[in-house]
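The primary structure of each chain is shown beneath.
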Amino acid sequence: EVQLVESGGGLVQPGGSLRLSCAASGFFFRNYGMYWVRQGPGKGLVWLSHINSDGSITSDADSVKGRLTISRDNAKSTLYLQMNSLRVEDTAVYYCVRGHFWSGHTMELWGQGTTVTVSS
Amino acid sequence: QSALTQPASVSESPGQSITISCTGSSSDIGAYNFVSWYQHHPGKAPKLIIYDVDDRPSGVSSRLSGSKSGNTASLTISGLQAEDEADYYCSSYTTSTTYVFGTGTKVTVL
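Taken in order, these protein sequences are the chains called W and X. Take the first sequence: its position 86, counting from 1, is numbered 86 in my numbering, and each next residue is one higher. Take the second sequence: its position 36, counting from 1, is numbered 36 in my numbering, and each next residue is one higher.
Rather than coming from a laboratory, the hints here were simulated on the basis of the structure. It should be emphasised that the depicted structure is a prediction, and the values quoted were computed from it without experimental measurement. Glycine included, every Cβ here is placed at the ideal spot set by N, Cα and C. The reader is advised that the hints may include incorrect statements.
EDC-like mimics (lysine to aspartate or glutamate), calculated; alpha carbons at most 16 Å apart, straight line [said to hold, decoys possible]:
hint, chain 1, residue 1, chain 2, residue 2
1, X, 47, X, 83
2, W, 43, X, 87
3, W, 43, W, 73
4, X, 44, X, 83
5, X, 47, W, 89
6, X, 44, X, 84
7, W, 76, W, 54
8, X, 44, W, 108
9, X, 106, X, 12
A short list of chain W residues far from chain X (calculated; beta carbon distances all over 12 Å) [stated by the list, open to error]:
hint, residue
10, 27
11, 107
12, 117
If we strip away everything but chain X, and leave its shape as in the complex, we get (with noise of 0.2 Å):
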């Protein structure tokens, strides 16, 4: 199983909007609506930030928004803090009854 496609990196200036896009197959992100979306800070532990596409785990920023289309899911961050910057990850369930992750997106609020 190959990893979900991201951009290596995205750079916005603070208060602006960003979209990190994720790119799967038919076997993945297109099969079921169990994409999820993770921030890393190096150093700490990932935090789950969008589940099932477009759910917010309770306490996370409204600011932070899921979405999906076929093969290629979503994560909208509007609004930029510096507080933003960090690695982000998607993943998603499989028709194998497996797991895989994006390549990863470093995010940096210029």
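Bound-form chain W, shown alone (with noise of 0.2 Å):
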């Protein structure tokens, strides 16, 4: 079965760090870019970050530039955000997503999330 898997959200002060991983199975895993996209409590979904599929080439939003950083390990299938300097905005829910395979511009499958909370 195809999954992604998101682990290592929680509650962190402000301020504060989190890594955030995917664990993806069932697919070819290096063969595809990868994405995190947020959805804030009532609010719409913001994309946070993509990288291709070797990990080379990396783009993120303006709004986190700097304090989020997209990797992956294709030897271990795996989906990395690392979230520095969070603050109580970063609050959200935090999906990892794969691209579509011939498509290079689409969001085509998404894991259930994992729960980010920021508050002193």
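Make one complex out of these two single chains by using the hints.
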């Protein structure tokens, strides 16, 4: 079964750090670009970061540039999001998303999400 | 990059058709044919329903269709069913090599 399972969310104080992980299974992870997307409470979806299949190219939303870093380990079929200097407004459900194999700019398969709460 | 503009809500009776608009700019929707649509039932994972403006993934109902004109993309749902009640988001690739989502539309089946 094709699956993306996020982990690493939780409660963190403002200014703190977290590393989210996304374990992929059921498909050849190294062949796909990957994304992180979040949804704050009562808000819409927001794209955060993208990484290409071999990890050599990344892009980030201006709103998180310098604080959130996407990376991947193809040997472990795992995607990461390192989150530093966290703010209350970073509170959200964070989704790991697989890119579409043929369409280069489509977020195809979504994980169930992991919740991050930034609060003192 | 500002969010693409969608109507906050759309309501219609079962069996009817609705169209959700998604308005961007010449830097996103108008620049490429990389517009996608997602269906999101709260508490569940979002689901891709349209990509590359008008392509449907395998398994997605033919009642759903996408189109684009200039800087505005549209999602049409025909023969509205109770299961279509959800939040819908558009997204687009941009000339800044980033991605942007729409503000989201809540669809209510009356």
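Outcome of the hint check:
Of the pairs offered as hints, the one joining residue 47 (chain X) and residue 83 (chain X) holds, with about 13 Å between alpha carbons and a cut-off of 16 Å not exceeded. Of the supplied pair hints, the one linking residue 43 (chain W) and residue 87 (chain X) holds, its CA atoms being roughly 11 Å apart against a limit of 16 Å. The straight-line distance between the Cα atoms of residue 43 (chain W) and residue 73 (chain W) is roughly 31 Å, outside the 16 Å bound, and the hint therefore fails. Pair hint residue 44 (chain X) plus residue 83 (chain X) holds up; C-alpha atoms about 14 Å apart against a cutoff of 16 Å.
Distance check on the hinted pair: residue 47 (chain X) and residue 89 (chain W) sit about 25 Å apart at the alpha-carbon level, beyond 16 Å; violated. For the hint linking residue 44 (chain X) to residue 84 (chain X), the alpha-carbon distance of about 14 Å falls within 16 Å, and the restraint holds. Note on residue 76 (chain W) and residue 54 (chain W): the hinted pairing holds, with a Cα-Cα distance of about 13 Å set against a maximum of 16 Å. Between residue 44 (chain X) and residue 108 (chain W), the direct Cα distance comes to roughly 15 Å. Compliance with the 16 Å bound is thereby established for this hinted pair.
Pair hint residue 106 (chain X) plus residue 12 (chain X) holds up; C-alpha atoms about 11 Å apart against a cutoff of 16 Å. The non-interface label for residue 27 (chain W) is consistent with chain X: the shortest C-beta to C-beta separation is roughly 15 Å, beyond 12 Å. Some Cβ of chain X comes within 12 Å of the Cβ of residue 107 (chain W); the nearest lies about 7 Å off, and the non-interface call is violated. Against chain X, the non-interface label of residue 117 (chain W) holds: every CB pair exceeds 12 Å, the least being about 17 Å.
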